[in-house]
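Novice: Sequence:
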Amino acid sequence: MLDRLQIVKQRFDEISDLIIQPDVIADQKRYVQLNKEYKDLKALAEKRDEYVNIMGNIEEANEIIADGSDPEMTEMAKMQLDEAKQRLPELEEEIKFMLIPKDPEDAKNVMVEIRAGTGGDEASIFAGDLFRMYTKYCESKGWRTSVVDMNEGTSGGFKEVIFEVTGDDVYGTLKFEAGVHRVQRVPQTETQGRVHTSAATVMVLPEAEEFDVQIDMNDVRIDFFCSSGPGGQSVNTTKSAVRLTHIPTGLVAQCQDEKSQHKNKDKAFTVLRSRLYEQELAKKQEEDAQKRSSQVSSGDRSAKIRTYNYAQGRVTDHRIGLTLYDLGNIMNGDIHKIVDELQLVSNTEKLKEASEVF
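Position one of the sequence shown corresponds to residue 1 (UniProt numbering), numbered consecutively onward.
Since the hints were derived computationally from the structure, they do not count as laboratory data.
It is possible that some hints are incorrect.
Lysine to aspartate or glutamate pairs mimicking DMTMM-like chemistry, simulated, CA-CA at most 20 angstroms apart [stated by the list, open to error]: (1) Lys36 <-> Asp106; (2) Lys96 <-> Glu37; (3) Lys337 <-> Glu37.
If you anchor each label on the Cβ, the simulated ranges turn out as follows [to be verified]: (4) Val186 <-> Glu93: 40 to 48 angstroms; (5) Gln21 <-> Pro104: 20 to 28 angstroms; (6) Asp219 <-> Gln343: 19 to 27 angstroms; (7) Ala282 <-> Gln312: 33 to 41 angstroms; (8) Gln33 <-> His196: 43 to 51 angstroms.
Don't be surprised by glycine CBs; every beta carbon is placed ideally from N, CA and C.
Kindly produce the complete structure, drawing on both the sequences and the hints.
Specialist: Below, the structure is given as C-alpha cells:
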C-alpha cells in the first residue's frame, strides 16, 4: 500500500507544480482537469501522511518496548502502540476506498429530468413531490438548483420538469437516482379510499462542458416561441423561449425559464450537450455492465428502482433491499441514508474488483 501511496504523493507534487504554470492556466480544459485531480489527490496525500506517521509510531514504540530500560517510557510506548494499532485498520480501509479509480463523470454538475409516468394526474403530482424532495436534498448539500424547463400537470405537479444542479461531486452522488420511482397511496381525488400505484421516471445526466461535446451549428435547428406559465408580464408577449432540435439524432432541448432569449438559448444548449454526452456515456455503461454484474446501476432508465408506500410510511430501494420507515422525512429531502447506502454498495463492489491491487 505504501508503494501506491508514494506514487500518489509524487503525482500530487507534480500537479501542485503544474497548476501554477502560465501555459497550463491558459489551457482551460487542462487546468480544470488538473484542479479536479489536485483536489482528489490532496485528500489522499493527507491520508498518506497519517499512514506514514502511524507506521513510524509503531516502529518507535516497538523499539522502546524492546529496550525496556525505562519503565515509564515503556508504559507510554505501549499506550502509543495500542492507539496506533487501533487506528491502522480503519485508516487502511479508508485509503483502499480512496484508491478505487474514480469515475471522471462523478465530479460533474447534472441535469435532472423528472417525467410523470403511468397514473395520470396522480403521476404528475408525484413528479412534483420528487422535484421538491430533490431540491430540498440539494439545498441541504449546499448545491444550487435552477429550473431549465417545465410542463405543469392539470392537478398540480409536473408532466415534466428539468432542472440543473451545480456543486461538488453532484453526478457521483445523484447518478443512482436514475430509473423508475413508484408511489402507492390514496390520491386526493379518490373518493373510495383505494390505494393507487403511479410512477415517475428520473434521468440524471452529467452536464457536458463545451470541450466534452462539439456541436456543429449546421446540425441544429433553432426555434423561438412565447413562454407559457408563470413568469410575469413578459410571458406570452415576447419570443424568449428557445427550442433546439439536433437533426442527426432527433434530440430536442428547450428552455423557457429565463426572460432573456440569450440565457434560454445558453441553457438549452447545455441540456442538448448533456443529452448527447449521456448517449455516449450510456453506451460505455452498457459495455461495462456486460463485463460485470452490478447491484446498482446508473444506466438502466426503465428499471423500477424504488417504491414510496404512504399507507405503510415506508420507502424501499429494490436494488439493495433497503427499507426505511421514514417516508415523511425522506419526501422532505432527507434521502442521505439511501444515497449513502447506494454509494457504499457500489464502492464495495469496486473494491472487490480492485482487491488484487492491495
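Novice: Against the range 40 to 48 angstroms, how does the distance between the Cβ atoms of Val186 and Glu93 compare: consistent or not?
Specialist: 46 angstroms, holds
Novice: Check whether the Cα positions of Lys337 and Glu37 lie no farther apart than 20 angstroms.
Specialist: 27 angstroms, violated
Novice: Lys96 and Glu37: Cα distance at most 20 angstroms?
Specialist: Measuring from Cα to Cα gives roughly 17 angstroms; hence the hint holds.
Novice: Holds or violated: 33 to 41 angstroms for the Cβ distance of Ala282 and Gln312?
Specialist: Holds, at about 34 angstroms.
Novice: Using the C-beta atoms of Gln33 and His196, is the stated range 43 to 51 angstroms upheld?
Specialist: Cβ of Gln33 to Cβ of His196: about 48 angstroms, so the range 43 to 51 angstroms holds.
Novice: Note whether the CB distance of Gln21 and Pro104 lies within 20 to 28 angstroms or breaks it.
Specialist: 22 angstroms, holds
Novice: Taking only the CA atoms, is the gap from Lys36 to Asp106 under or equal to 20 angstroms?
Specialist: 11 angstroms, holds
Novice: Tell me if the beta carbons of Asp219 and Gln343 are separated by a distance inside 19 to 27 angstroms.
Specialist: 37 angstroms, violated
The structure shown violates the earlier hints numbered 3, 6.
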